[in-house]
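Taken in order, the sequence shown gives residues 460 to 769; the numbers are from my numbering.
Be careful, since some hints might not be right.
[To be verified] Label pairs and their calculated CB-CB ranges:
no.	residue 1	residue 2	range
1	578	608	17 to 27 Å
2	615	652	15 to 25 Å
3	529	484	13 to 23 Å
4	678	488	39 to 49 Å
5	545	596	27 to 37 Å
6	637	520	38 to 48 Å
7	615	576	41 to 51 Å
8	667	577	37 to 47 Å
9	610	513	41 to 51 Å
10	596	572	24 to 34 Å
[Claimed, not checked] List of simulated lysine to aspartate or glutamate pairs, EDC-like, C-alpha gap at most 20 Å:
no.	residue 1	residue 2
11	596	481
12	550	522
13	576	652
14	683	694
15	550	480
Hints were generated in silico from the structure; no laboratory data involved. Glycine included, C-beta positions come from ideal geometry on N, C-alpha and C.
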Amino acid sequence: MSKAPLVSVVMITYNHQDYIEEAINGVLIQECDFEVELIIANDSSTDKTDNTINKLIATYSGDIIIRYYNHSKNKGIMPNFIWALNQCDGKYIALCEGDDYWTDSSKLKRQVSFLEKNIFCSAIAENSMVLYDNGTKNLFGIKKSRQIKEKEIVRCRQFATASIVFRNNLRIPEAFNSLIAGDTPLFLLINKEAPIYYENIVSSIYRRGKQGETYKFSGLSKRKKLVSYNLFLNEFTNENYSQIFNLHIRRIESSATREHKLSRFLRSYINRIDNYIYKLYLKWFNVKQHYYFDIANYPFYKKIFYRIFG
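All chains should be built: construct the whole structure from the sequences, respecting the hints.
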């Protein structure tokens with residue numbers, strides 16, 4: 460009987476056929492002297508993600524335990540993520556979504572060693588490279604190694620999701636299931652237990668503008684979810700940062716107003732163009748009709764005219 464894993468790696472995926480192999484291999488290259496399990500939660504992808512995962516599993520013969528689940532019905536990004544977290548048996552949990560990947564084979568060993576020695580820290584995160592669709596890269600963070608403050612998490616993301624390892628002692632609130640995103644709420648929840656330490660070491664790639672990301676919402680739906688998201692975070696942080704969250708909400712609402720005004724202008728402009736084109740068409744049709752009737756008595760020329768002008 461194998462020992463319980465020390466680390467559970469959670470990898471949620473949906474339509475990541477172009478990225479999932481790199482994501483999985485980034486986990487499988489880890490050099491660890493402890494048990495690791497990789498939990499892959501495929502949220503009923505409609506592309507070839509499932510085929511790619513099964514091929515990798517069939518050819519892998521290493522020590523990392525791979526537990527693969529392909530849901531028969533799409534759960535949604537947050538329910539799938541929380542479901543995967545609940546499958547973890549490890550003392551620690553590491554994250555890597557199916558379109559990001561780890562680049563440092565000593566990442567897990569280094570981070571677990573830190574948490575074993577620093578029992579008063581709830582998690583450790585590291586720096587990442589941001590990879591854009593056009594191939595350019597830049598650093599995710601530029602700040603020095605330090606303990607992350609709650610206000611920093613609220614203001615903006617301090618590190619990529621794929622860079623964090625945290626203790627498996629969280630109770631995920633039911634409300635997380637309906638949120639549009641889970642990164643910031645999770646980091647705030649972890650930070651409530653004990654500080655998160657940030658190490659300025661690059662160990663992963665975070666993709667931006669990625670084509671594999673297919674959890675999308677319509678404009679109105681997304682705005683509603685973003686407003687609800689900020690209202691939830693404001694309550695979750697005991698309204699200590701109301702000014703920040705209210706500013707976010709005002710920006711969302713301002714964006715909606717601008718879009719509405721632009722939409723009205725474009726509709727009006729397009730209608731005017733349509734009317735103008737229609738008038739030109741009528742004018743041209745009348746000209747065609749005039750000449751058509753003039754040559755109606757000449758079948759040969761009538762045939763040529765009809766071929767040219769329809």
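Hints, verified against the model:
no., hint, result
1, 578 / 608: 17 to 27 Å, "20 Å, holds"
2, 615 / 652: 15 to 25 Å, "22 Å, holds"
3, 529 / 484: 13 to 23 Å, "19 Å, holds"
4, 678 / 488: 39 to 49 Å, "41 Å, holds"
5, 545 / 596: 27 to 37 Å, "34 Å, holds"
6, 637 / 520: 38 to 48 Å, "41 Å, holds"
7, 615 / 576: 41 to 51 Å, "29 Å, violated"
8, 667 / 577: 37 to 47 Å, "31 Å, violated"
9, 610 / 513: 41 to 51 Å, "44 Å, holds"
10, 596 / 572: 24 to 34 Å, "28 Å, holds"
11, 596 / 481, "17 Å, holds"
12, 550 / 522, "18 Å, holds"
13, 576 / 652, "17 Å, holds"
14, 683 / 694, "17 Å, holds"
15, 550 / 480, "26 Å, violated"
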